[in-house]
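Undergrad: Below, each chain spelled out in residue letters.
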Amino acid sequence: MTTTRTAAASGISRAWRSAYMRYLVEPYLYVGPAVAMIALVMLVPLVIGISYSFQSITLLKPFATGWIGFENYATLWRDAKFWLALENTVWWTLSSLVFQFALGLGLALLLNTQFAGKRLFQALVFLPWAVPTFLSALTWAWLFNPVIGPLPHWMAALGILSEPYNILGDPDLAMWGPVAANVWFGVPFFAITLLAALQSIPGELYEAAEIDGASTWQVFTKITLPFLAPMIAITVMLRTIWIANFADLIFVMTGGGPANATQILSTYVFTTAFRKLDFGYASAIAVALLVLLMIYAVLLLAIRRRFVKI
Amino acid sequence: MSATRRPSPVLTIGKYAALAFYLIFALFPLYWLVKISITPDQLVFTEGTALWPSETTLGNFRTVIFQTDFLAYFGNSLIVSLGTATATTLIAAGAGYAFSRFNFGGKRLIIALMLVTQMFPLLMIIAPIYKIVAAMGLLNSLTSLIVVYTAFNVPFATFLMQSFFDGIPKDLEEAAMMDGCTRFQALRKVIFPLTLPGLGATLGFVFTAAWSELLFALMLISKNDAMTFPVGLLTFVSKFSVDWGQMMAAGVLALIPSCLFFIFIQRYLVQGLTSGAVKG
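Which chain is which? The protein sequence lines are A and B, in order.
For the record, in the first sequence the residue sitting at position 283 is 283 according to the working numbering, with numbers rising by one throughout.
For the record, in the second sequence the residue sitting at position 101 is 101 according to the working numbering, with numbers rising by one throughout.
Worth flagging that the hints you see were computed from the coordinates, not collected in a lab.
Every residue, glycine too, gets a C-beta built ideally from N, C-alpha and C.
Take the hints with a grain of salt, since some may be wrong.
Said to hold, decoys possible - Now the in silico label distances, taken between C-beta atoms and shown as ranges:
1) B/Ala50 x A/Leu120: 20 to 30 Å
2) A/Glu207 x B/Met119: 15 to 25 Å
3) A/Asn112 x B/Ile263: 21 to 31 Å
4) A/Ala102 x B/Tyr16: 16 to 26 Å
5) A/Ala157 x B/Trp52: 33 to 43 Å
6) B/Trp52 x A/Asp79: 42 to 52 Å
Make a model of the complete structure from these sequences and hints.
TA: Listed below in structure tokens is the structure:
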């Protein structure tokens, strides 16, 4: 009691100044550790990584270290493997994205309706999201193995394959293996995001449409899709970048093989750094990937600004 | 009118067919993992592709737990994941609170930086991180993994925590501060209990993320006794690639912690992401 009374008596201006100081300094105390952590562990190494791309740093050749200007990039330009990896990155990202999005939208629409056992259903279909990625990769690699997996046998029975063999060893088909795993793993994410957007659509719109006698299809194309569009644009953009960077599945399932048929840029970065220990060249590929992704993001933002008026 | 209210039987059948499709698609691979893990070794090659083996056994689990190093890998992963989850949640709670309650100089810059870290290829920093960690003599140590994973997860965890703090009315701590609490006391006594679900969700999310990380662990850990579960399992797979039952039993073991956490946090996580997404 006495302390509060003295505090109250001790002049309003001083109290104000200390409150002001506290208000000025306090936010940085809360946000400081996060900023320090990110700066030290991510941003500083990022700058170092960019500088590596102008150096020759191969752990196996410790005496050939030094600045070499744009030599890594010149090598990159002539590297057929890089261009193949770039092409594969586009295929990997596009096919994963299309299936994840289509299936995710379907799931979100289903979860937006009422049915018995919905809560359990939701928990079960979101489960693949919780499965560690290395395990998803191994599981799908095993499913595609004709010795212990059913998929080759089913595909042969349906006439997709001439005989039950492992598509992960076939350069023409190998990419579908990691794509299948990625779709399985990524559908819940799209479903959650789109479900959130669906639930933000005002219910009155649907009631009005029903009174006007709109068909289910009309409601979907005239109300649901236009409302989802901004959310779809953001999600697709973020997800594209994320999938293009996502190396785990491919690295575990095929290691980029056979004959680099599944090598994408991010797995190329990792195998160059991890297997060849050529940090300079790996960083050059990584910088190229970063630049490509930035160009993509800028393009997409420009397109979005033009078509979606939000 | 009633036609639109009560959908036709065709639509209803279609809907339940779709529900069944999603359920099978999501669960079948996991079912297969469990199925092979309980198939006896001698039956794997004859009945490997049958929907259910004629005999089941827990022998693979026994072998994996008692005769391999997986228990040690499991322990290492548990240390790394729990350490990362705790550190990240503490740091992210602070930052999320600051974003939710204060307007301060540089706030937009910090948010932009955090968004950037979510965009660039993380593999870009794998070489510098390796060099730095090696220079500090911390290769093959779990601490280096915890520090690296914490930094990776802080940005997303911060946004998640911010959305939870945004859901708690400001008036609550302002009332407490009127009554003479400092802001930190108000945070600890009033806000903290209310945000427990949010903290739990963030903990669970980060735990799962750290539990599955593979590539940085591969790079930074090469000694057997410091391997995390993903690194250990991958090494096992490349060494003994025909011990299907044991590999899958190990896989099932790796699945348990993340599934437990997932079941526990699933509702909160969906809630948190949903409310965050709605607010933009």
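Undergrad: Could you run down the list of hints and mark each one as holding or not?
TA: Evaluated hints:
no. : hint                            : in the structure
1   : B/Ala50 x A/Leu120: 20 to 30 Å  : holds, 28 Å
2   : A/Glu207 x B/Met119: 15 to 25 Å : violated, 40 Å
3   : A/Asn112 x B/Ile263: 21 to 31 Å : holds, 23 Å
4   : A/Ala102 x B/Tyr16: 16 to 26 Å  : holds, 20 Å
5   : A/Ala157 x B/Trp52: 33 to 43 Å  : violated, 19 Å
6   : B/Trp52 x A/Asp79: 42 to 52 Å   : holds, 49 Å
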